[in-house]
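Chains E and D, in that order, give the protein sequences. Residues in the first sequence are numbered consecutively from 1, following the numbering used here. Residues in the second sequence are numbered consecutively from 1, following the numbering used here.
Certain hints may be false.
Just so you have them, the derived chain D footprint on chain E, three or more residues with Cβ under 8 Å [unchecked claim]:
id, segment
1, 127-137
2, 144-154
3, 400-409
FRET-style restraints, in silico, Cβ to Cβ [said to hold, decoys possible]:
id, chain 1, residue 1, chain 2, residue 2, range
4, E, 30, D, 134, 37 to 47 Å
5, D, 25, E, 380, 25 to 35 Å
6, E, 128, D, 92, 20 to 30 Å
7, E, 395, D, 134, 49 to 59 Å
The hints are simulated quantities; they were obtained by calculation from the structure and are not laboratory data. Yeah, the Cβ is synthetic: ideal placement off N, Cα and C, and Gly gets one too.
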Amino acid sequence: MHSIRSATGVLLVLLLVLVGSVPGTAQQPRAGGTLNYIVTAEPPSFDGHRETTFALLHPIKPHYNLLVKFDTRNFPKVVPDLAESWTVSKDGMTWTFKIRQGVKFHDGSTLTSRDIKATFDRLAFPPEGVISVRQAVYQGVKSIEAPDPQTVVFRLKWAVPSFLEKLASPFNWVYKAEILARDQRWYERNVMGTGPFKFVEYVRGSRWVGRKNEDYFERGKPYLDGYNALFVRSRSVMMAALRSGQALIEFRGVSPAERDELRGALGDRIQVQEAPWSCNLIISFNTKKKPFDDVRVRRALTLALDRWAGSRALSQIAFVGPVGGIMRPGSEFATPDADLVKLAGYGRDIQQARAEARRLLREAGVPENFTFVLHNRDVSMPYEHVGIFALDQWRQIGLTVQHVQAETAKYLADLRAGTYDAAVDFACDYVDDPDIQLAKFVSSDVSPVNYGGYIDRQLDLMYFQQSRTADKATRLQVVRRFEKRLLHDQVYAVYVLWWQRIIPHSRRLQGYKTTTNHYVEPDLAEYWLSE
Amino acid sequence: MNRYILSRFLLMIPTLLAVAVLIFLLVRVVPGDIVELRLVLGGSFVTPRVIEAERARLGLNKPLWNQFADWMLGMLRLDLGRSMWSGEPVAREIGLRLELSLQLAVMATLIATALAIPLGTLAAVHRGGWVDNVVQVFSVAGLAVPSFWLGILFILFLLTVFQYLPPLTFTSLWVDPKANLAQLIWPALAVGYRYSAVATRMTRSALLEVLREDYVRTAWAKGLAQQIILRRHALRNAMMPVVTVIGLEFAFLIGGLVVTEQVFNLNGIGKLIVDAISQRDYTLIQGLMLLVAAGYILMNFLVDLVYAWIDPRVSYQ
Numbered sequence: 001m002h003s004i005r006s007a008t009g010v011l012l013v014l015l016l017v018l019v020g021s022v023p024g025t026a027q028q029p030r031a032g033g034t035l036n037y038i039v040t041a042e043p044p045s046f047d048g049h050r051e052t053t054f055a056l057l058h059p060i061k062p063h064y065n066l067l068v069k070f071d072t073r074n075f076p077k078v079v080p081d082l083a084e085s086w087t088v089s090k091d092g093m094t095w096t097f098k099i100r101q102g103v104k105f106h107d108g109s110t111l112t113s114r115d116i117k118a119t120f121d122r123l124a125f126p127p128e129g130v131i132s133v134r135q136a137v138y139q140g141v142k143s144i145e146a147p148d149p150q151t152v153v154f155r156l157k158w159a160v161p162s163f164l165e166k167l168a169s170p171f172n173w174v175y176k177a178e179i180l181a182r183d184q185r186w187y188e189r190n191v192m193g194t195g196p197f198k199f200v201e202y203v204r205g206s207r208w209v210g211r212k213n214e215d216y217f218e219r220g221k222p223y224l225d226g227y228n229a230l231f232v233r234s235r236s237v238m239m240a241a242l243r244s245g246q247a248l249i250e251f252r253g254v255s256p257a258e259r260d261e262l263r264g265a266l267g268d269r270i271q272v273q274e275a276p277w278s279c280n281l282i283i284s285f286n287t288k289k290k291p292f293d294d295v296r297v298r299r300a301l302t303l304a305l306d307r308w309a310g311s312r313a314l315s316q317i318a319f320v321g322p323v324g325g326i327m328r329p330g331s332e333f334a335t336p337d338a339d340l341v342k343l344a345g346y347g348r349d350i351q352q353a354r355a356e357a358r359r360l361l362r363e364a365g366v367p368e369n370f371t372f373v374l375h376n377r378d379v380s381m382p383y384e385h386v387g388i389f390a391l392d393q394w395r396q397i398g399l400t401v402q403h404v405q406a407e408t409a410k411y412l413a414d415l416r417a418g419t420y421d422a423a424v425d426f427a428c429d430y431v432d433d434p435d436i437q438l439a440k441f442v443s444s445d446v447s448p449v450n451y452g453g454y455i456d457r458q459l460d461l462m463y464f465q466q467s468r469t470a471d472k473a474t475r476l477q478v479v480r481r482f483e484k485r486l487l488h489d490q491v492y493a494v495y496v497l498w499w500q501r502i503i504p505h506s507r508r509l510q511g512y513k514t515t516t517n518h519y520v521e522p523d524l525a526e527y528w529l530s531e
Numbered sequence: 001m002n003r004y005i006l007s008r009f010l011l012m013i014p015t016l017l018a019v020a021v022l023i024f025l026l027v028r029v030v031p032g033d034i035v036e037l038r039l040v041l042g043g044s045f046v047t048p049r050v051i052e053a054e055r056a057r058l059g060l061n062k063p064l065w066n067q068f069a070d071w072m073l074g075m076l077r078l079d080l081g082r083s084m085w086s087g088e089p090v091a092r093e094i095g096l097r098l099e100l101s102l103q104l105a106v107m108a109t110l111i112a113t114a115l116a117i118p119l120g121t122l123a124a125v126h127r128g129g130w131v132d133n134v135v136q137v138f139s140v141a142g143l144a145v146p147s148f149w150l151g152i153l154f155i156l157f158l159l160t161v162f163q164y165l166p167p168l169t170f171t172s173l174w175v176d177p178k179a180n181l182a183q184l185i186w187p188a189l190a191v192g193y194r195y196s197a198v199a200t201r202m203t204r205s206a207l208l209e210v211l212r213e214d215y216v217r218t219a220w221a222k223g224l225a226q227q228i229i230l231r232r233h234a235l236r237n238a239m240m241p242v243v244t245v246i247g248l249e250f251a252f253l254i255g256g257l258v259v260t261e262q263v264f265n266l267n268g269i270g271k272l273i274v275d276a277i278s279q280r281d282y283t284l285i286q287g288l289m290l291l292v293a294a295g296y297i298l299m300n301f302l303v304d305l306v307y308a309w310i311d312p313r314v315s316y317q
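Between the sequences and the hints, there should be enough to build the whole structure, so can you do that?
Following this line, the structure appears as structure tokens:
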């Protein structure tokens, strides 16, 4: 009897140890429920290949898969999606992807390599009348082949660096070849993918609804029964929706004040995740206009900015923070602080920098109290904050700056027409890759979004070199030279501060992890609700 | 009367045509480009070729007269064109929002009328007394408080006290009346209160004027009951300016509740107008402005007809 009791006791202890060793039951994915989340803008069309906005990705991406995708829990690691595996030739010129078997489109048809080929042909070589905004990214692709139903081969003109990351663009939704063959523009107004959620309805100005794809190829996923993407433009309504629980999350980000308000109202019912953001605010100078055509003036303007103090102060009130060069701080290509401080305007001694700035202005013949206009968007967060910061910094070297905030359409028209002195500009993308992040700064006759008006073939050449250098160390060196020329030698533009993502969400939402950009999210197949 | 109605209808055509020309030119004078907003604002790198191709697709590279002719030819076929932003037919974009905007305008008008006529009458009858003072305070407060601000107060109150927020998405009255009213009652109250303040003051002053008329004095002298004097003789005659105010306010409510719609996340015509303008969606702006203009013309016309119904002395022969 005693031995039976002892054995029972041992078993109980073992059971307790086993239960204790299992990750908390709250962490076990739970099936069911509908996720309501906010999207603060609406998609212009339904076609990922022709749009550039998160407003398309957040409601519609859950209907689609990619060939390969970023792992949002280990960003920026690229993992298989529709591709099961891949190999790359030694010279880096041929990429071969094996496609998963048994993947079904939402109409029940089977996905094959033909669909992948048709998708990437459309992205890299769009037929007449079709817009692929990412065509320039795939200029290194020579051909795409589908030798058998489960194999796709990309042949390149040169060993394209970060090719896998470029394929993993969250906009590269895989479409059905048969539909594209029939009508290349069908996807602008319709949805047909292989993704974890099927399309239910879209009410313009109101909501986008998806429901679980029961035939999804990843067994057991998605966990959610469905989702409602609620289109809410007003920040105050968004905050009220998060407070009331009508929505559990917004995947772009909130300001520090909004974060604090939610924390105050909801206490431990809300969880906040923060991460550096692959977006930044830049100040562009109109180099065709005096005195901004003089590099000494531009250098004086960058020298006057105390970025380090600005970071400490502005990060309290706006979603900006990290000080960095042309690549996001903390990313693979980021410039370490030790090198960064050698660039004009990044030094730690602001008094010395401002004295040098005043000297340069005098040398360039810029009079004391010289007045110019800083153009900006009429968007408060974080444009207005950064604009006010800049004009205060420039005031401290004896300049008078008028801050003119305009509606976005007028602001862009002014920049395009060159009717501005200096402007708060921005750059944002889904990955920290120099090809994608730096394209903006090549000469204005090459880049339509370079509003500085300068032609600099040395810069163009460096961009070209880095985009054809497969070796990471060598590429990094070229990127550093590009950065020195852009920010230090010529000062065509000034990086002010990088953004900081702040994502508050209900604790009911599980499985979500904030990444460094709002394009690769949401990854709805991975999320579940705790109750 | 029929001749009058027909002539007023025919007059609408040149008026709307003038509005069309004006709107067509005005939207193109304002700086901004829908293609840049759409393709460049995302921050991505797009080539000039792509931007030009998109402009050509939208017909923006055609001469202005050609664009206007295309629009007018479409109008002759009762086709307002397609939204340059969404690609959807303009009529569909408007139709989707019209139900909400119309319902909100009707609800706000009903609330305003239900408040304004009794309160204005009470204030006029008890002129100078405490009832008049209370009504005056109520209506002055209504004029002073913007409806969107009142809306924000409603939301904060509901959120703080009841942890409740009205539904964020619109459900048709015919599909789920409860959900529909749960969303629209709050903005209707906020807008209706301000609207009632204007109408209350108008009712009071119009009624005071009528109450001084000889025929009202005669009615008092005849010993008629106050209720009969008010209902049968005074109020009906005092209604002319009140009907004008209510009619014009109603027309305004169809597209003018821009901020209130933002506050309650209402998918209405006002929000659509703001979006269309900020996106430089020319075809949609043109369609919307025509709708607003037509709304005002139609309401004016209806108000004229109501005059004749209220006061048989009014004749349109």
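Each hint, compared with the structure:
1. 127-137: holds (count 8)
2. 144-154: The restraint on the segment 144-154 of chain E is violated, since only 0 of its residues have a Cβ under 8 Å from chain D and three are required.
3. 400-409: Holds, because 3 residues of the segment 400-409 of chain E bring their Cβ atoms closer than 8 Å to Cβ atoms of chain D.
4. E:30 x D:134: 37 to 47 Å: Hint violated: Cβ distance 57 Å, outside 37 to 47 Å.
5. D:25 x E:380: 25 to 35 Å: For residue 25 of chain D and residue 380 of chain E the Cβ distance comes to about 32 Å; the hint holds.
6. E:128 x D:92: 20 to 30 Å: holds (28 Å)
7. E:395 x D:134: 49 to 59 Å: For residue 395 of chain E and residue 134 of chain D the Cβ distance comes to about 54 Å; the hint holds.
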